[in-house]
Every structure is written in structure tokens, then in C-alpha cells.
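Peer 1: Residue strings, one per chain:
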Amino acid sequence: MGVLVFAEHDGAAVTEATRRAVSAASALGAPVDAVVAGGDEAEDVAASLAGTGVGRAWLCQGAPYADQLPEPLAERLVALVRAEGYEAVVAATSTQARDLLPRVAAGLDVQMLTDVTAIEDTETFVRPNYTGSVLARLRCREAVQVLTVRATNFAPPAADGTSPAVARLEPGTDPGLSRLLEVQRTDSSRPELASARVVVAGGRGVADVGVGELEALADRLGAAIGASRGAVEAGLLPNDAQVGLTAKVVAPDLYIAAGISGSIYHVSGMKDSGVIVAINKDPEAPIFDVADYGLVADLREALPQLLEALEPS
Amino acid sequence: MKVLAAVKRVVDYNVRVRVRADGSGVDTANTRMAMNPFDETAIEEAVRLREAGTASEVVAVTVGDAGSEEVLRTALAFGADRALRVESDAPLEPLAVSKALAAVADREQPDLVLMGKQAIDDDSNQVGQMLACHLGWAQATFACAVTPADDELHVVREVDGGQRTVAVALPAVVTTELELNEPRYIKLPSIMKAKKQAIERLGLAEIAVDGSPRLELLGVSEPPPREAGEQVDSAAALVDRLKNEAQVI
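Chains as they are written, first to last, in the numbering used here: chain V, 1 to 313; chain L, 1 to 249.
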């Protein structure tokens, strides 16, 4: 009985996406527990779930869990779900959840749902296909529902006075299939592209003005930097900034496309954004078809003017 | 090392898909189809491992209808040694596909299974991880670099906020990102030769996989189109709209 949320964290506290996954999980109509995998930090992480409505926080601690390796973690989660009789497992869509939850679902012999964007009732879900070009409504009556949910589509939980009861899990056996060798974090003072509230993306047109102007705008707005395939191919912006159908798919509150023409490929990766701004010197650029605000202008003039207009008066 | 590369036939990524009028699914009749781009990266990596002498044999496998043999021909043209189709006229859910592939792995005994991280039709991103679970093998998803090292593989994985490098024991399942390699351009003679090669077939019943769906598809729809936007005439007007109308900055 109940829903288990896999609580992803940054080593100190659960991610904002996890908090929203808790609120999505509560739509399934059963008490929500959470499981935190990690080392010593897991206790602090569990404490950060206070106020979210999570009833119990399981600490899954020990060497293989601290390294967040999917094989031992999935095995332990399957055992926990079986032992406690959880009816659903929920996590926010992320690379870790996308790596881990299918293995959990297979261990439970259930068909899972990836990247759920709406929960209509306790067994009816909406999720995108074809990078969001199509929305599928699905009924899931599996013995255990396993879902990743797109966090930006769910509100953060309304703060309450609850504090989760903490319980320690006995470590499972480590199958010893993989080892963590190295973690490299993208060296950036900017927010991460996939979860940024604001994205400033550049296309080939950025060549006219230079990447520095784009970066200045991103920094002024506290934004992550995105790129079109054209900008990556032209060597203007790094590959890991690429937004598009087979690259990063983003849905920030504000997406500013600067010098991006708006191919189907690129638009597939950003069309679920809250507000889309297009700045392009070509008034016929297809990016204007999806933009809430369009500015036909040369970036050499538009970007400095934008920065100036953004300065507090 | 023997490598199994799993490939899927999907609607070509340049095609804008259309929902059937009755909302029962996506209209794929008379639509240009192609190999899932992530799977192209997987088959390319498999062939490179053989060319480097690390792999001795590359077997391409797909699960699908007769039409999906087209992507097995493509895999053969890339340089796969053999090709095998698990026959299913109806599209299968990821769990069933993973069970079919597990049965193929039991028969073929590969040391490594490579496949794209996800297919660009249902965007599920599940099959590789599920397969690794069924087989009790290590998994390395979102691979952007794969290096053989003794009896294991070192895999650099693209994850949120950076990269994680893991060592996986063999046998293992590795799912690929496009950054892993640049798939080769297939030349006409390879395509002609691939047309003549035999394709092995396996029925779902032969491998005792139940292909019946677990989820009920209630319908598909296109998301509501974005409302027509507004053209502003200056950067100052844009900032004003973002601050006062949209209230996003």
C-alpha cells in the first residue's frame, strides 16, 4: 500500500524536480514514501523532504548505493517494493531515473511509463511520443505502476508541517557488475540546461555577433545556454548544449531563440517551453511560427539593446 | 567478443507525424521509415569494434514486422555479419521487446549488446535497461565513449550536469548517444551485397514471449497548437512584454 518516490539529490538535498515528483505521486491517491540512496549524506537528504508530505524516508546506504550504480540499486528497490507492497514507484524524469526505473520495472515484470506529463486519475496517464509531436493517453493497471514524470508539468508540493519518519534499509547483496570510475561535472556557473528556468539558445546567426554577447544575456537572466544543430556544426557552441529531437529536450519557463531559424528538429526539442521568444533577421524564419514574441532584428543590434533594456533603471 | 546490435525501424526523423483521424494512433502508412538514429550509432560502434579486432562477430537483431527487415539490410550494409528478426506484426511494448531480446541473447550468447538509448517514435528509453535486468548483466546507458579494457568495458556516460565513467563487467548492455560516433556513409555496393544476404527469423512463440500489451492505449492526439505570437518592434518592447505581460523575468 502506498507510493514510493525515488528521491534524487545533489549530495545535500533532494532536487526541485524530486519535490515535484512527490506532488505528482500524491495524485495517485495513496500515502507517499521516499527512498534516498547514498552514503552518509542520505540523512540530510531525507531531512530535506520535510514539508513535502512524504510519510517515510527509506535510507538506502552503503558503498554501491553511494555511487548510485543502477544494478544494485534496482535490485534493492525491487525487494523494497515487494516487501512493503508499494503500488507505484515514481521519479522525476532525469538521466538517473531513466537509467534506473526501467530496470526496476523489469525486475517487477511491469510495463513502465516514461516522462508522464499529466496524471488524469489513478490509472490514466498522458505521455509524449515523437518528442512531443503526439500525446498518448494510456491506462495502466499493472500490479505496480512505475512512472517517470516530467517535473516541470507538476507544481511543487504545498508546504505542510510534516517531517518524514526515517527508516534504514538493510543493504542488499552487491552483484558487483559495475564500478564508478569518475564523475565529471560540466564546469559552469550557469544552471543546467535540462532543468533551467530560462534558456538562451543561439543558432548560426550568433556568428554575426559572437558567443560573448549570447553568454552575457544568459548570465544577465540566470539562464542556461542552448544551441541549434547549426550552431554546434559551425563550432560556435558545444555539443552538450544542443537542443533538438535527438539531443536535449527542454521546457523552461522562458526560451529565447537567437539567430535560430527553427527547423522541425530544433523546435521538437523546445516547443513545450512556457514562453518562446524568437529573434531573427529573417522575417520568414519558421521559428516565428512557434514564438510568443518575435523580434525581427539583426543580433548585432538586438542583443546589446536587450542587455541595455534589462539593466535595472 | 561477440556483439549483438539491436535496431528498430521508425518513422524517419525528418517526417512530421500525423495522428489518425479517429485518434487511434499515428498514421505510418506511406510514411518514410528509417533506422532509429540512435541505433545507427550502435551498429556503427559494433562494426568499429570488429574492425578494431575487439569483436569477432556482429549480429544485428530487430523485433518487428516483415517491413522492419529493411533496417536489418541497412545493418548488414553497415557491416553486420548476420541479421535476425524476431517476428511480430503488432508493435510490442518495451517490456516484451526486452524479453524477446533476452531470448535472442540466450541463444546467441553475445558478450556485449549495443542499442540506441531510445527510439524516436515512442521515446520510451527502457529496452536496454530492461534487457540488462532480465539477463542479470551490467548496464551502461547514454554512452558517448566505449573503451575495451581487459575483460570489462570503460564507458563514459552523458548524464545531467556532466559525465560519469563506469567500468562494466562483460557481458553487458550498452545504450548509445549520438556523440559516440559518426555513422559511416553506406556505399551502393554494400547496399547491393546486403540485399542478397539471408535474414534469420524467429517467431515470438518459438521463444515463448507473450507480446500482448500491458498498457491500454486510450487514444493519441496532437498537442494544442501554440497561439499566434506577437511581433514586437524593439528590444525594449520585448523586455517590457516579458516583464509585464508574460511575467517570466
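Read the hints as simulated data drawn from the structure, not as lab findings. Be aware that one or more of the hints could be misleading.
[Claimed, not checked] Here are the simulated lysine to aspartate or glutamate pairs, EDC-like style, with alpha carbons at most 16 Å apart:
| hint | chain 1 | residue 1 | chain 2 | residue 2 |
| --- | --- | --- | --- | --- |
| 1 | L | K2 | L | D233 |
| 2 | L | K243 | L | E227 |
| 3 | L | K2 | L | D81 |
| 4 | L | K2 | L | E69 |
| 5 | L | K2 | L | E152 |
| 6 | L | K195 | L | E69 |
| 7 | L | K196 | L | E70 |
| 8 | L | K193 | L | E70 |
| 9 | V | K248 | L | E51 |
| 10 | V | K248 | L | D150 |
| 11 | V | K248 | V | E213 |
| 12 | L | K243 | V | D253 |
| 13 | L | K243 | V | E192 |
| 14 | L | K2 | L | D151 |
| 15 | L | K243 | V | E308 |
| 16 | L | K195 | L | E51 |
| 17 | L | K2 | L | E70 |
| 18 | V | K281 | V | E308 |
| 19 | V | K281 | L | E152 |
| 20 | L | K193 | L | D106 |
| 21 | V | K248 | L | D160 |
[What the hints assert, rightly or not] Far from chain L, some chain V residues (derived; all Cβ distances over 12 Å):
| hint | residue |
| --- | --- |
| 22 | G29 |
| 23 | A167 |
| 24 | A278 |
This one's a predicted model, so the numbers in the text were calculated from it and none came from an experiment. Every residue, glycine too, gets a C-beta built ideally from N, C-alpha and C.
Peer 1: Hints first: check each against the structure and report whether it holds.
Peer 2: The hints, checked one at a time:
1. L:K2 to L:D233: violated (61 Å)
2. L:K243 to L:E227: violated (19 Å)
3. L:K2 to L:D81: holds (11 Å)
4. L:K2 to L:E69: violated (21 Å)
5. L:K2 to L:E152: holds (13 Å)
6. L:K195 to L:E69: holds (10 Å)
7. L:K196 to L:E70: holds (12 Å)
8. L:K193 to L:E70: Judged against 16 Å, a Cα distance of about 13 Å means the pair holds.
9. V:K248 to L:E51: violated (31 Å)
10. V:K248 to L:D150: Violated. K248 of chain V to D150 of chain L sits at ~33 Å, over the 16 Å cutoff.
11. V:K248 to V:E213: Roughly 23 Å separates the two Cα atoms, so the pair is violated.
12. L:K243 to V:D253: Since the Cα atoms of K243 of chain L and D253 of chain V sit roughly 13 Å apart, the hinted pair holds (cutoff 16 Å).
13. L:K243 to V:E192: violated (23 Å)
14. L:K2 to L:D151: Judged against 16 Å, a Cα distance of about 13 Å means the pair holds.
15. L:K243 to V:E308: holds (14 Å)
16. L:K195 to L:E51: Measuring from Cα to Cα gives roughly 22 Å; hence the hint is violated.
17. L:K2 to L:E70: Not satisfied, since the Cα-Cα distance of roughly 23 Å exceeds 16 Å.
18. V:K281 to V:E308: violated (19 Å)
19. V:K281 to L:E152: Given pair K281 of chain V, E152 of chain L is violated - Cα atoms ~52 Å apart, limit 16 Å.
20. L:K193 to L:D106: Given that 16 Å is the threshold and the Cα spacing comes to 29 Å, the pair is violated.
21. V:K248 to L:D160: holds (10 Å)
22. G29: holds (19 Å)
23. A167: Given a closest Cβ separation of 25 Å, the condition holds.
24. A278: violated (8 Å)
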